[in-house]
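All chains should be modelled from the sequences, with the hints used to inform the complete structure.
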Amino acid sequence: MKIYTKTGDKGQTSLFGGKRVAKHHIRIDAYGTVDELNSYIGLIRDQDIDKHSIEVLLEIQDRLFTVGSILATEPGNTKVKVPQIGMEDITLLENEIDKMNEHLPEMRSFVLPGGHTTVSYCHISRCVCRRAERIISHLSELEEVDIILLQYLNRLSDYLFVLARKIVVDKAVDEAPWVPRM
Numbered sequence: 289m290k291i292y293t294k295t296g297d298k299g300q301t302s303l304f305g306g307k308r309v310a311k312h313h314i315r316i317d318a319y320g321t322v323d324e325l326n327s328y329i330g331l332i333r334d335q336d337i338d339k340h341s342i343e344v345l346l347e348i349q350d351r352l353f354t355v356g357s358i359l360a361t362e363p364g365n366t367k368v369k370v371p372q373i374g375m376e377d378i379t380l381l382e383n384e385i386d387k388m389n390e391h392l393p394e395m396r397s398f399v400l401p402g403g404h405t406t407v408s409y410c411h412i413s414r415c416v417c418r419r420a421e422r423i424i425s426h427l428s429e430l431e432e433v434d435i436i437l438l439q440y441l442n443r444l445s446d447y448l449f450v451l452a453r454k455i456v457v458d459k460a461v462d463e464a465p466w467v468p469r470m
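To convert a position in the sequence shown, counted from 1, into this note's numbering, add 288.
Simulated from the structure, these hints should not be mistaken for lab results.
Note that beta-carbon positions come from the ideal geometry of N, C-alpha and C, so glycine has one too.
A couple of the hints might just be wrong.
Claimed, not checked - Pairs of lysine-lysine, DSBU-like flavour, derived with a Cα cap of 35 angstroms:
#1 311 x 290
#2 294 x 307
#3 367 x 307
#4 298 x 367
#5 294 x 387
As the list claims (entries may be wrong) - Ranges between beta-carbon positions, derived for each pair:
#6 336 x 375: 31 to 37 angstroms
#7 289 x 398: 16 to 22 angstroms
#8 292 x 393: 50 to 56 angstroms
#9 291 x 459: 37 to 43 angstroms
Okay, here's the thing in structure tokens:
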């Protein structure tokens, strides 16, 4: 497979199915942001964290490629086969969140991102996930988008937040509460 095709040299790219769109099209922005998120999750996975979290993050990265594939397919094209996101993918995230929460102190305030590099990577990933969710939400107002993609990303951002809190505990670092100045 050749890496460069030169077909995008004039600012356009192809969706799965062949339709050409501008590289700044909101659909391209959506799956590009999902790709960025996937890269940040790879950065979390490369840190010194527990094996189970690494396995879950690998599964999430696989699912994010699926989300990207779905977004890269022109709406209504039934000729192109792409994998799908299912409720079981959301359930996996919910179950992981619940398991981690069992061992975390109760939240009494918002927390400031940071305390450890890996925690910060989780928060950056959470923010990129929320941005992807916002872009896909906007896209859904313009074109057909399966609602499950928004549900998955919404749950994923929750997962990343709880993973950050778990890593705070695992690394025995302080979680900095946000104390608003009134």
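Note whether the CB distance of residue 292 and residue 393 lies within 50 to 56 angstroms or breaks it.
holds, 51 angstroms
Is 16 to 22 angstroms respected by the C-beta to C-beta distance linking residue 289 and residue 398?
violated, 46 angstroms
Holds or violated: residue 311 and residue 290, Cα atoms, limit 35 angstroms.
OK: residue 311 and residue 290 at ~20 angstroms, within 35 angstroms.
Given the hint that residue 294 pairs with residue 387, does the C-alpha gap stay at or below 35 angstroms?
violated, 48 angstroms
Against the range 37 to 43 angstroms, how does the distance between the Cβ atoms of residue 291 and residue 459 compare: consistent or not?
holds, 38 angstroms
Pairwise beta carbon distance, residue 336 to residue 375, judged against the given window 31 to 37 angstroms:
holds, 33 angstroms
Holds or violated: residue 298 with residue 367, Cα cutoff 35 angstroms?
holds, 27 angstroms
Check the hint pairing residue 294 with residue 307 against an upper bound of 35 angstroms on the C-alpha distance.
holds, 16 angstroms
Could you grab the alpha-carbon distance between residue 367 and residue 307 and see if it respects the 35 angstroms cut-off?
Between residue 367 and residue 307 the Cα gap is close to 13 angstroms, so the pair holds against 35 angstroms.
Comparing the model with each numbered hint stated earlier shows that hints 5, 7 do not hold.
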